[in-house]
Each structure stands twice: as structure tokens, then as C-alpha cells.
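Participant: The lines below spell out each chain.
2 protein chains.
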Amino acid sequence: MDRLLRVNMTDRTAKFEPIPSAYASRAGRWLTSSLVHDEVPATCHPLGPRNKVVFSPGFVTGTAAPTSSRISVGGKSPLTGGIKEANAGTGWGRRLARLGIRAVVVEGQPERDGGFWMLKIDAKGVSFEPADALTGKKLSEMVPGLAARYGGRDKVDVCAIGVAGEHKMGAAGVCFTDREGRATRYAGRGGLGAALGSKGLKAIVVDDSGAAEVPIADKAKFDQGRKKLAAALGEHAITKPKGALNAYGTAVLVNILNEAGGLPTRNFRSGRFEGATKIAGEAIFAGNKERVGKDVYNHPCSPGCIIGCSNTWHKRDGSEHTSCIEYESDWAFGANCGIDDLDQIAELNLLCNEYGLDTIEIGGTLAVAAEGGVWKFGDGKRAIELVREIADATPLGRILGNGALVTGRAFGVTRVPHVKGQNMPAYEPRAIKGIGMTYAVSTMGADHTSGYTIAPEILGVSGKLDPLNPQKTDLARNFQYATAFIDSTGHCLFIAFAILDIASGFEGVVEECAGVLGTDWTMNDVARIGKAVLDLELDFNRQAGFTAADDRLPEFMLHEKLPPHDGVWDVPDEEIDRVFD
Amino acid sequence: MDRLLRVNMTDRTAKFEPIPSAYASRAGRWLTSSLVHDEVPATCHPLGPRNKVVFSPGFVTGTAAPTSSRISVGGKSPLTGGIKEANAGTGWGRRLARLGIRAVVVEGQPERDGGFWMLKIDAKGVSFEPADALTGKKLSEMVPGLAARYGGRDKVDVCAIGVAGEHKMGAAGVCFTDREGRATRYAGRGGLGAALGSKGLKAIVVDDSGAAEVPIADKAKFDQGRKKLAAALGEHAITKPKGALNAYGTAVLVNILNEAGGLPTRNFRSGRFEGATKIAGEAIFAGNKERVGKDVYNHPCSPGCIIGCSNTWHKRDGSEHTSCIEYESDWAFGANCGIDDLDQIAELNLLCNEYGLDTIEIGGTLAVAAEGGVWKFGDGKRAIELVREIADATPLGRILGNGALVTGRAFGVTRVPHVKGQNMPAYEPRAIKGIGMTYAVSTMGADHTSGYTIAPEILGVSGKLDPLNPQKTDLARNFQYATAFIDSTGHCLFIAFAILDIASGFEGVVEECAGVLGTDWTMNDVARIGKAVLDLELDFNRQAGFTAADDRLPEFMLHEKLPPHDGVWDVPDEEIDRVFD
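As they're listed, the protein sequences go chains V and Z.
Per my numbering, the first sequence runs over residues 1 to 581.
Per my numbering, the second sequence runs over residues 1001 to 1581.
Mixed in with the good hints, there may be bad ones.
Claimed, not checked - Simulated restraints on C-beta separations:
1) Gly1293/Z - Lys376/V: 57 to 63 Å
2) Asp1535/Z - Arg388/V: 31 to 37 Å
3) Glu560/V - Gly1125/Z: 33 to 39 Å
4) Lys1376/Z - Glu259/V: 40 to 46 Å
5) Asp1132/Z - Glu282/V: 47 to 53 Å
6) Ala527/V - Pro1018/Z: 41 to 47 Å
7) Gly145/V - Lys1376/Z: 33 to 39 Å
As the list claims (entries may be wrong) - Covered by chain V, according to a simulated footprint, are these stretches of chain Z (three or more residues, beta-carbon under 8 Å):
8) 1058 to 1064
9) 1116 to 1123
10) 1441 to 1452
11) 1549 to 1558
None of these hints come from the bench; they were simulated from the model.
Every residue, glycine too, gets a C-beta built ideally from N, C-alpha and C.
In isolation and in its complexed conformation, chain V is listed as follows:
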């Protein structure tokens, strides 16, 4: 019943194909990485006609499984040159799943620059529409109108790229509508927005009107599983209603990481930011309360989420400024840029949403630019002007829009905190060794979401480990395997907090998936599937030319001591190379 939709942008044709039998029980990241591995030449140019952009909802996306509306987006990354999977929470993938579409493969490229096009997918089929009129705009000025044209947010969700993707910039993400129809949810990392831009595909509107329910092979097993997961999520302190994530959002981490000395500050010059409390999740909650006049709890980004971690920041007059200020974005523009003003951070976040940019890469890029003398850390007004230059595609904007490594090249900066060309997220490897291992070996470049060892190293989830202990080889491997499985289910990674601590919750996830697919998977299959995903990704990267030399943290971290712990990166190369050996 499930189909694969192949979209050819060279001649603007689209056709449905049956899912190849080898992929019968693959979805989400497993399926995007399979298709990229099997169909994209690893040495092709990521902005050329032989790259592909693949979308796939997870095993249980579109069902009643809680917090499962993730869409995986894959391709060869314009930022790293390696394989990429980035995922987002949105109703878009849910509608795709309900239409029986397990994957959309966007391939080819107009032979000449032929302007932009959009795709409409519904129960009747697929159509192409000219999209030049949609280009050059802020996403908030374009996406709601586009949704309205096709029946409004109750009927459709939208996937779109912003001006950064139109300009094929390496920091361009892929944007999706949230539960309220806002263009705020991102498969942000790795520049897949640029890959779509290179194909002339501006937007994909999905309308699932009239679609049947997602078929479930073993309803009893599925229901048993989803109830176990829901119970775990509802119980755990991090994921329960009015728990840490629902009250303070992911930005609850600011004070925690600052306390641990692991909050990278001013381009990774320190692990403590003196302005941390002013930008923390608690400050967002307090600020919103003051401006709105009541407690403002967070909301689900996508249908069916029972965690609800997505926040909204409000202006002084109580009106909405931006959604969502994730911990990573808060840190990227805050601590890492030396900015302690939430209104300025919110504006930078908003601009990235408007232009279709990855906040982590852009915050990291601004910090490298400050290191290179382009602006001064802490000057939020100037930072805002710089992000506007990206949208204007000035020469400086083109440098910044292509990320931290290109910016480092342009300005002769040696302190670029990246792995494989992707800027590091909000956890300092010299203070938290396991996450440094994840950054080093991740197939995605520096990426916390590929193996969130912060859970045991900082949060005490699934036990408590010393973050400064460099023996994290097995931890890094196991977390990446488990994550690759979760990224294939369609669940948000945040279920991990609960299911790592509550075993029945993890069993529930496996039962849900086995129930939908009709497989006999048990907990023993989690690592097997995760390893299968990683093996495909590692093989792609090997073919693309990556070696152990690419699994290294930047040189300065080996020599420069990080306050307050004054440690350097001291995990032996042999241990890094042992993770996936």
C-alpha cells in the first residue's frame, strides 16, 4: 500500500512507485539514509543534478502514537559534503503518511536556471505550479497565504525553503509548518534547504483530505505500545505536563550547562556565560508571565505531541515575537555571541525562521565572524544587521550564509568549532567528553542530536556519568545506535528522556513500530536497526572521501584550556576510532 513518490525536477515529472521490497520495513532516517546511500553518488556535487533530497515520515508517523510527527529529510549535505539526515516536528509528514507516501525523492535539476516551482500533493495526485511569486519573501509572509490558497491549515501543511535556500547557502534549512500553521519548524542542519534550492523547488504543499487511516498490522500490539510510551512520557519529570520541557522549554538547559561549565561562550572561549540567567528558560518563562500577564506554558509543535516543549517569546506589548526559542538557538545567539538580551536573541531567531536558516550554524558563524573582527561580541544590534545581510545576499551575507567554516576561511580564523564543516552545537566537548565523541564520529558533522550523551553526563538520565571522564567510547556508540532507531520511528528524540529511564516506555516504542509494520521486533532489534542505519551512513561518507582525520575536533581544543575547568580535549584518537570500528 505504501508508495514512494519520485519527483524529477529536470523535466518536472512525478510518479508513484511501489516501495522496493528491501525497504519494506524502513522509514524515517533509515529510509532516507538508505535511499541516499543507494541512489546518490557519494562524490557528486551536493548542489548538482545527481544529489537528491529525500523525505520520509517514520514507522508510526500518522498514527495515534504520542509525539510521533517527525519528518526525516535526507541528502548529501551542501555544508559537510557527507550524508545528512535532519528531522522536524510538523503535521506535514503526518499528512504524507496518511496519503500512503513512505518517501518523496526529489531528484534532477533544471538544465538552465528556470526559476522556482512548487509541488502540490493530495489524494488525487501530484501537480507542479510556478513559484517565482513566492520567492524573495519572508516565510511568514509567504507560507500562511500559500496554505490558505489550498484550504488553510486544517487541510494542509507546507514545506518550504526561505531566501537562504533560494541562494543555495550552506546554512539553509528546510522549513515546515507547526501546529498553528506558522513557518517555524526546521530540519535545519546541513544545508538541505540549499539542495532543494539548487533543484528549483520552493515549496511542497500536502493536503491529506480524504486519506484513509495509516494501516496498522497488529492493532493490539500497537495500542499496547503506545500506551506504555504515553505513560512513561506522562510520568517522567522532564517530559510530563508542566514538567521541565513543558514549562521552560529546551532552554531549561541554559542554567544547567552553565553550572556544569559546558555552555560554550563567545566562540567556545569559556564554558560559563556571565549572562546565562538572563537568557535561561526560567527567564523566558518569567518574561512571558510579565508581558502576557499569566503563566505561559509551552505548546506542541506538531499534532499528537504530549510533551509540548515549544515556546513562544512575547514582546513588551504582549504580542508574539517568535516561536520557538530552542535551547540551541538561545545559546547560539546568546552565550556564543555574548548577547544577554532575550529580545535581541528572539529577533535573531525570528530572522532565521524568516529567511530559512539554521540557527545553530548562523549563531556559530556570527561567533566566528566576531573572532575574525567583523563585529564585536555582545553587539546584538549589529548581529541583527548581519543576519539581514544574509537575506540580501550581499558578499558578506553570502559568506555568513555559507556557515562557520567558509566564514573562517574568508576571515582567516583558525578557531572554528566545527566537525566535518558543521558548527558545534551548545555543549562544550572539553567539559563534556561524551558529547565531544558524538561530535567527532557522527556521520552528520558536529551534531548533538545524533547521540545525546548529555542525558547521562549532565541530566542524570539513564544513570549519571562524570562529564569530564574521557572514557565514553561505548556510550557514544550506544547512544548513536539508539538515536538512529528513534529517528526512524517518527518519534521526537525527546521521548528518550523518559524511555531511557523507564524501560516499559522503550518497550512500548518497539511494540508500536512492530505493531504498525507487523514485525516481531523486540528490544534486541533496537541496536541492530540503529547499526544498520549508521553502517549505511558511514559507508556513504567513506565513499565521499571521509577518513579518521575527519573524525577529529578542531585543533585549538587540543591545546587551549577551557575555563572554568581548564581542561583540553584529551580523548585519545584511538578511542574515537574505536567507536564504529
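Please build the complex by placing chain Z on the supplied structure of chain V, with the hints as guidance.
Facilitator: Below, chain Z alone, put in the same frame as chain V:
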């Protein structure tokens, strides 16, 4: 007797050391690549404190051996991230050799940006002088005055970086004075000027007053060798007085390559340029004759050269415009930028000399920028403005100054004709397969001088091969081994035209070297030494993370047919991988 001078820019100290016994018979490229391989961590940042810049004159530099005043410069390349050796003809290395200095190793880096310094080397020792007053200037405004301060061009030669090196740009070369004291001779490729800039070293003045002759172990063998070489050079049609190089300079190649359909035009979109005859070596000769009022033959760039291929282009009033318009520079700004005006090409060449830029990389970069919509092919006035922007270090200038690959990233261009991040020189691989093999496997990135197979493929030197025949595996290997040997002798590579055709000439080169060093080398040692050099370089690059995936031509050349032959790059990957396997 020979010494190694170690210059530490962290604390500005210098000391002489004996040459390690393992290096007793190494010089030129063999010695720079040995020191870089043995002392520079392959994964270090090329602009960081652990990179080193190494200078070494060749085996016979400083002797009476004809055309032997080359200086090798080595380091980890800021452009490619791999090992780099670039060499130039200049009296500078000759003076170094006469002072008994076999190598200068510049290492370390000021801990804070401490401005710029210069080094004075003479028979009494080494001194550091502040050089901030020398920065920000055109090299023609700075170098002659600096030489004059130390006794003038009869006493000293100067090595310097221009503003591009000060700004640590990837296209920054290392400049040396020519025989007339002009700042025109470049170890241009790979950005070693940026590596010097990162160390705060602006210039090195060498005064060999009072130095003894370079010691020669076996004077009779040496004299026998140099006479054989001189005879071959004086006899061969390409190298003899008023022969091809002396009359028309290297730009004699323009018409020849155009005829062969191998002259890359407008960013490698065609192998023929309709304006070729207007920019050819013959046009330079004719233009000079008209403007100066007589035949103007070319001159030696460095003392002791009996080929004399270095030209000067004159303005309408007969005054000097620039020296030298090499074939590569002529092509880079001419055919590859669609410019057919020699005065505009001369101005672009002059500006690169003034700012310390590699003409090949900058011409290639301008072509990629035209492809990206920055300017229009053929608009020479705009091209001149763009190169001026590099000196001004505007954001656009910083993009362009960092070369073709960074420019391609900034402007989303997929057609970047590079290998390992270095732009291709003036021979189209789809029309001349052997040079494409050289580009692919060279340890230096795309580089014609690492194995000039153009000699047999186009010029009929050492036999005549079909350029379109893709079976060039052995040719590519043998030429690179022979070249690595020649690059270690201190001879200019242009002796190859004569010695490949006249066996006694090649014997003479080996006898010269064996005579100086007191070794028993024969012709059988040429490939052995060449292989030893390449093995060091290949090992460095392997440690730096290069794989077979980096030994590939850009994707577009595999698919896009090149007029007029309409061929694609069709050398099988397995053959490429067999060159050094």
C-alpha cells in the same frame, strides 16, 4: 658545513642547526617536503602555530650550473589542506645557498596579533626588525626601498608577502625579487603567503656579502655535467637563444593549446578561445615591437639562467607595464575570463604581483565568480576592480582572495574546475588526458608543474602522444617522479624540454648534482629520488585525510562535453588510482 636556520615566530628567536644526517643529500623540494612531512602535524590548521613554512635552495643552486636559481617553499597549504611545494626563480635562494643555509624553517606564531616583522639574514647572522611600516603597500612600492636600505639589489634579494598574505588569503603567494630587483617572481600556488602572514613574517632580506663559494665535492664531475646541460639548453628549439621561450615566452603556448582545443575558455566551457591570437606570445612580441620600436627578446628571471623566458609588456608610450606575463597568467585572465585585451590582462597580472596573489588561482576565481553572476566574462574593467577589492579586503575581496572553491561556495557555483581545492591551470583535461591525470593525483592539487605531460602530448617533446588517448597512467607517474627530482636540483623545470629530448643533457643534470654532493648518482637514481619525494608527500596527504575520492576531477567534467572535441573526462577511476598504487 651546510646549516638549517630555524626561525621561531612565537618568541622571535633564530638559531642555526646542523643538517640532520638523514637529510644530508636532500635539498629543494625533497628537503622542504621532508621537513614538512617530519615536523608538521598533518591535521594541523594551516594558519595555526603548528604549521611551518620551509625554504630550501636546490642541490646546485648557487653554483655555476645553468638555470638553477630556484627556491623551493613548502608547508601545509592553506588552500588545499595538503602538503605544498611551490618554487620560484630568484637570486634569493642563490644567496641563501652561498651563505651555507640549506633550509630556513619558519615556525610558531605570535600568541596575540603582534603586527608584522621582517628577517635579515647575512654572513654575520640573523636579526628581526619591525615591519609594520612595510604593510598595506603594493610590493613595487615596498620591496625596492627595502632592498635599497640593505645595500641595493647587487647585495640583497628579498622574499616578501603582499597584502593578500597579510590578510591570510588562500590565494596569497610568496614573492621574490627577480634579477632586476623587481618583486615579480612567485612561489605562487597553494597559499603559502597566507601561512607566512599567519606567522607575522612580512619579508626576509638575504645579503650574501662575504660568503664563500658553494662547496663542490667533485668539481670535475660537476663541470662535466653543467657543460652537457648547457649544450642541451643551447641547442633545443624551445630553450635556445631567440628560441621559442626566449622570443615569445611561455605565452607561446596560447596558439598551440588553442589549436589543440585544450585552451580552457570562460571557466572551462570550451577548449577554444576566439580571441586567442590577440593574447598569444606572438602578439606580445609584436605589441612590444610596435610600442618600443624594436624586437624585445625576453630576459632571465634569475642569475645564471641561459633560457631567458621572462617577458615584459610595455604600455603604449613604451614604458614598462608588467613583468612577466606567463602563459598561465595570460590564459587565466585572458581565455578563462573571456578577455582578449593584452593591456587589461597586463594590468590584472600587475595587480596580482602588487598584492602578492597567485595569478592562476585568481584568474580561475574570477571565472567562477562570472559563472556565479558576480560580473560578466570579458568585462576587463570590472575584473580589474574586483582584484582591487581583494587588496581592500572587502567581503567580496575576501571571498575572491580565498580562491575558486570558496568563491564557488559563496555563490553556489557547481562548475569549479579544481582538484583538492586548487584551481586548474591552463590545460583542459577533457582534451589532454595525461595532464588531467596529473591534476587528479598530484599531491599539490591541480598543478601542471608537478608533471608536465603537455611536453609529449602537445609539444612533441620526448616523443608524441595522442592527447585524447586516456591511457596515461605510466606517463603521469613517470613525469611526476622526474619532476620531483628536478624540483630538488634547484633547476628550473624548463630545462626539461631540452633534457627529455637530449639524453646527455639529463645525464649532465645528474652529474652536476652528484658532483656538488659527492654522491655516485646515475640516471637510475632520478626515479628513485622522485619516488622518495612523492612518497613523503603522499603519506602527509594520507595523514591529513586525503583519499582516492580527492584524486578526482570535478563532476561536471564527467558529464559536460567540451567543444571542439566534444569529449568528456573518461579516464577510469581505477587507472587514476593505479598511478601511485
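Participant: Compare the structure with each hint and give your call.
Facilitator: A quick look at each hint next to the structure:
no. : hint                             : in the structure
1   : Gly1293/Z - Lys376/V: 57 to 63 Å : holds (59 Å)
2   : Asp1535/Z - Arg388/V: 31 to 37 Å : violated (52 Å)
3   : Glu560/V - Gly1125/Z: 33 to 39 Å : holds (34 Å)
4   : Lys1376/Z - Glu259/V: 40 to 46 Å : violated (57 Å)
5   : Asp1132/Z - Glu282/V: 47 to 53 Å : holds (49 Å)
6   : Ala527/V - Pro1018/Z: 41 to 47 Å : violated (58 Å)
7   : Gly145/V - Lys1376/Z: 33 to 39 Å : holds (36 Å)
8   : 1058 to 1064                     : violated (count 0)
9   : 1116 to 1123                     : violated (count 0)
10  : 1441 to 1452                     : violated (count 0)
11  : 1549 to 1558                     : holds (count 6)
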